[in-house]
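Student: Sequence:
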Amino acid sequence: MKQDPELTRIQELMKPGKLSATGFLGEDRRPLSEILEEDRLSVSNLGLSCHFIAHVLEKLMHKGREGFGNPVRVGVDLVVTVDENRGVVPCPFRHGYLAEKIDVTVKNVKSTELRFSDLSIHLIKEHCFFQGRGSVYRVDPQELVNTLDSFIKDCLRDYKAL
Numbered sequence: 001m002k003q004d005p006e007l008t009r010i011q012e013l014m015k016p017g018k019l020s021a022t023g024f025l026g027e028d029r030r031p032l033s034e035i036l037e038e039d040r041l042s043v044s045n046l047g048l049s050c051h052f053i054a055h056v057l058e059k060l061m062h063k064g065r066e067g068f069g070n071p072v073r074v075g076v077d078l079v080v081t082v083d084e085n086r087g088v089v090p091c092p093f094r095h096g097y098l099a100e101k102i103d104v105t106v107k108n109v110k111s112t113e114l115r116f117s118d119l120s121i122h123l124i125k126e127h128c129f130f131q132g133r134g135s136v137y138r139v140d141p142q143e144l145v146n147t148l149d150s151f152i153k154d155c156l157r158d159y160k161a162l
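Residue numbers (the working numbering): 1 to 162.
Careful, some of the hints might be misleading.
[Unchecked claim] List time: in silico DMTMM-like cross-link candidates among lysine to aspartate or glutamate, alpha-carbon distance up to 20 Å:
1) Lys107 / Glu58
2) Lys110 / Asp154
3) Lys59 / Glu126
4) Lys2 / Glu34
5) Lys63 / Glu84
6) Lys125 / Asp158
[To be verified] Pairwise CB distance ranges (calculated):
7) Gln3 / Glu27: 17 to 25 Å
8) Pro90 / Ser33: 16 to 24 Å
9) Pro71 / Glu6: 34 to 42 Å
10) Tyr97 / Leu41: 19 to 27 Å
11) Ser42 / Asp4: 18 to 26 Å
12) Arg9 / Glu100: 22 to 30 Å
13) Asp83 / Pro16: 18 to 26 Å
14) Leu46 / Gly134: 15 to 23 Å
Hint data in this document are derived by calculation from the structure and do not stem from the laboratory.
Here a beta-carbon is modelled for each residue, glycine too, at the ideal position from N, C-alpha and C.
Could you put the whole structure together from the sequences, leaning on the hints where they help?
Tutor: Right, here's the structure in full:
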């Protein structure tokens, strides 16, 4: 299927050096429409929603910010570190959203590490965009579930109660 011209323009903005030094696509050369569709399908197959995943990441970011740059233990398995910098980064989907320059690292002491930004949360919540393969801030849905398993289960109970 041919990609919508607007998505082609957005994909151009996602290249390194346009809106951010590293860009949003990594080494992924697929059309943006294909990247979006594959991640939506992956999220659906996991029985989750993009909105819920963004909720989980936002909770982790807020808990991590309590450490003022120092690592914060979250539950038994997770250690969250937040690095805040001055400035903002615009959303490449061209609707005026500006994200703070906040980097979040979540380390599961038993397994893997996950890295995302304030903009990552917005991109997932509003556009179901997890960034391209190889992107510095790519949040692979399956890796997210593997890394945050018990935290996701706790959040799911809270989320359903809302």
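Student: Indicate, hint by hint, whether the structure satisfies it.
Tutor: We went through each hint and held it up to the structure:
| no. | hint | in the structure |
| --- | --- | --- |
| 1 | Lys107 / Glu58 | holds (16 Å) |
| 2 | Lys110 / Asp154 | holds (18 Å) |
| 3 | Lys59 / Glu126 | holds (16 Å) |
| 4 | Lys2 / Glu34 | holds (10 Å) |
| 5 | Lys63 / Glu84 | holds (14 Å) |
| 6 | Lys125 / Asp158 | holds (18 Å) |
| 7 | Gln3 / Glu27: 17 to 25 Å | holds (19 Å) |
| 8 | Pro90 / Ser33: 16 to 24 Å | holds (21 Å) |
| 9 | Pro71 / Glu6: 34 to 42 Å | holds (41 Å) |
| 10 | Tyr97 / Leu41: 19 to 27 Å | holds (25 Å) |
| 11 | Ser42 / Asp4: 18 to 26 Å | holds (21 Å) |
| 12 | Arg9 / Glu100: 22 to 30 Å | holds (25 Å) |
| 13 | Asp83 / Pro16: 18 to 26 Å | holds (21 Å) |
| 14 | Leu46 / Gly134: 15 to 23 Å | holds (21 Å) |
The structure agrees with every numbered hint stated previously.
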